[in-house]
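A.B. asks: All chains should be modelled from the sequences, with the hints used to inform the complete structure.
Heads up: the sequence shown runs through residues 0 to 148, numbered per numbering that gives the first Met the number 0.
Calculated directly from the structure, the hints in this document are not laboratory data.
Note that the coordinates shown come from a computational prediction; the quantities given were computed from them, not determined experimentally.
Be aware that a few hints might be false.
Stated by the list, open to error - DSBU-like cross-link-like pairs, simulated, lysine-lysine; straight-line CA separation at most 35 Å:
no.	residue 1	residue 2
1	K42	K147
2	K115	K130
3	K126	K41
4	K41	K104
5	K115	K25
6	K115	K147
7	K126	K147
8	K126	K115
9	K25	K147
10	K115	K104
11	K42	K115
12	K147	K122
13	K25	K104
14	K41	K25
15	K122	K42
16	K25	K130
17	K104	K122
18	K41	K144
19	K25	K42
20	K144	K122
21	K25	K126
22	K144	K115
23	K42	K126
24	K144	K25
25	K104	K147
26	K126	K144
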Amino acid sequence: MSIWIHFLVFFLTFFMMEFMAWFTHKYVMHGFLWHLHADHHKKDHDSWFERNDTFFIFYAVVSISFFLLWRYEIFALGLAIGLGIFAYGLTYFLVHDIFIHQRFKLFRNANNIYAKAVRRAHKMHHKHTGKEDGECFGMLVVPWKYFKK
Numbered sequence: 000m001s002i003w004i005h006f007l008v009f010f011l012t013f014f015m016m017e018f019m020a021w022f023t024h025k026y027v028m029h030g031f032l033w034h035l036h037a038d039h040h041k042k043d044h045d046s047w048f049e050r051n052d053t054f055f056i057f058y059a060v061v062s063i064s065f066f067l068l069w070r071y072e073i074f075a076l077g078l079a080i081g082l083g084i085f086a087y088g089l090t091y092f093l094v095h096d097i098f099i100h101q102r103f104k105l106f107r108n109a110n111n112i113y114a115k116a117v118r119r120a121h122k123m124h125h126k127h128t129g130k131e132d133g134e135c136f137g138m139l140v141v142p143w144k145y146f147k148k
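C.D. replies: Quick look at the structure:
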């Protein structure tokens, strides 16, 4: 199989993960698993960790599963898919936890148009402290209106 197929699958997986993140955030985190996500909107504890942090485990298990499918020669594209999921997870962590929420004090001076739009959209998402009436459930794809301010 061509190396270019693996690169294509990696990038397609990475980009599809934005949809998966949006879907999971809107229908799972703000749905039947709200009890795990609620502390991200309204902190009700003194811990640095949030119950919301448990969501990364699901995608980590999926990513690892694809690595194993590749490793044991069950699915040739498993490495590309596993790396695509991992790369999106790393990007999500850097953008959401570090850049937006400043859980680590890095990237504080990023003020380009895209960075400002990402911050605005996420701020609008957190304006809603309850399960319903949310907006901006994605992370990297930001509605155009947040670029215009």
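A.B. asks: Against each hint, give a clear statement of whether it holds in the structure.
C.D. replies: Evaluated hints:
1. K42 <-> K147: This hinted pair holds, its Cα atoms lying about 31 Å apart.
2. K115 <-> K130: holds, 25 Å
3. K126 <-> K41: Since the Cα atoms of K126 and K41 sit roughly 10 Å apart, the hinted pair holds (cutoff 35 Å).
4. K41 <-> K104: holds, 21 Å
5. K115 <-> K25: Holds: K115 and K25 sit about 22 Å apart, inside 35 Å.
6. K115 <-> K147: Cα-Cα ~10 Å, so holds.
7. K126 <-> K147: Distance ~19 Å between K126 and K147 Cα, so the pair holds.
8. K126 <-> K115: holds, 16 Å
9. K25 <-> K147: holds, 24 Å
10. K115 <-> K104: holds, 17 Å
11. K42 <-> K115: holds, 24 Å
12. K147 <-> K122: Holds: K147 and K122 sit about 15 Å apart, inside 35 Å.
13. K25 <-> K104: OK: K25 and K104 at ~28 Å, within 35 Å.
14. K41 <-> K25: holds, 17 Å
15. K122 <-> K42: holds, 15 Å
16. K25 <-> K130: Satisfied, since the Cα-Cα distance of roughly 9 Å is no more than 35 Å.
17. K104 <-> K122: holds, 18 Å
18. K41 <-> K144: holds, 26 Å
19. K25 <-> K42: It holds: about 19 Å lies between the C-alpha atoms, which stays within 35 Å.
20. K144 <-> K122: The given pair, whose Cα atoms are some 13 Å apart, holds under the 35 Å limit.
21. K25 <-> K126: holds, 15 Å
22. K144 <-> K115: holds, 12 Å
23. K42 <-> K126: holds, 13 Å
24. K144 <-> K25: holds, 20 Å
25. K104 <-> K147: With a Cα-Cα distance of about 27 Å, the restraint between K104 and K147 holds, given a limit of 35 Å.
26. K126 <-> K144: holds, 16 Å
Hint compliance for this structure: every hint is met.
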